[in-house]
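Peer 1: Can you build the whole structure from these sequences, using the hints too?
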Amino acid sequence: MGGLRLRGVDVHFGGLVALDGVDLDVTPGQVVGVIGPNGAGKTTLFNVICGIQRPRRGELTFEGRPLPRRPHGLTRLGIARTLQGVGLFAGLTVLENVVTGATADARAGLGAALLGLPRAGRDERCLRDAARALLAELGVDDYADAYPTTLPYAVGKRVALARALAARPRLLLLDEPAGGLSEAEVDELGELIAALPARADAGCAVLLVEHHMDLVMRVCDEVTVLDFGRVIAAGPPDRIADDPAVIEAYLGEAVTT
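Just so it is clear: in the sequence shown, position 131 is 131 by the UniProt record's numbering, and no numbers are missing.
Each hint can be trusted.
Quick list of simulated restraints, FRET-style, between CB atoms: (1) T100 to P244: 41 to 49 angstroms; (2) R239 to G85: 27 to 35 angstroms; (3) D23 to D242: 20 to 28 angstroms; (4) R56 to L77: 19 to 27 angstroms; (5) D242 to E188: 25 to 33 angstroms; (6) T150 to G58: 41 to 49 angstroms; (7) G73 to G14: 24 to 32 angstroms; (8) G139 to F89: 20 to 28 angstroms; (9) T100 to G21: 31 to 39 angstroms; (10) Y147 to G180: 14 to 22 angstroms.
Read the hints as simulated data drawn from the structure, not as lab findings.
All residues carry an ideal CB built from backbone N, CA and C; glycine is no exception.
Peer 2: Below you can see the structure in the form of structure tokens.
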């Protein structure tokens with residue numbers, strides 16, 4: 001079975017129920033959004049998927065295999081994540097930051113690099129060429145030699161996305177990518193996200209946590225709504241926008257899709 005599958009996921013922090021029997025599916029070629037008020041459990045959900053937080057109970061699989069219990073196992077499975085902020089390495093250039101995302105490729109040439117073999121130089125050039133191509137695809141290749149502290153915030157967000165894409169993920173987790181962006185920048189981001197599912201041969205799956213409702217309703221195929229750790233609604237955006245429980249808990253008014 002392809003994609004991400006969660007069944008009956010519970011997370012408790014002492015007496016606080018952070019996630020309560022959460023079910024979620026993200027299939028290849030889909031963009032699935034997760035929304036909800038602050039404290040609804042969205043970040044906890046991402047942390048469980050990434051192995052940062054261990055659930056009390058529940059089944060979590062990706063492409064039919066159990067998710068690893070530690071974050072460093074994600075890349076080998078074909079999973080990458082962006083952070084709520086930018087999260088770039090300040091001491092590395094933009095190009096070097098993107099290269100660090102290609103961990104699977106870099107690992108293949110590690111032995112050659114340690115032995116000083118010619119292959120190591122070829123691998124490094126291939127990684128850099130691939131990183132430059134990603135930066136060009138996202139429209140920020142002019143910043144390849146710049147350092148993160150000098151970047152406009154929106155450019156830093158795109159670089160962080162390029163670094164995640166450098167791992168060639170089959171599942172991409174986007175954690176509030178529109179935070180801090182202008183309306184025009186959010187529109188441009190929406191076009192980028194909408195194109196992500198076509199990247200992998202079998203279709204990349206995208207899981208998006210976001211507060212910007214216009215973006216969610218525009219780019220997502222399915223939306224899951226959390227409130228106090230429970231799924232109160234799940235379905236296509238037009239149905240979610242008109243759901244009375246969602247409007248009461250989060251939206252406040254119907255959203256035009």
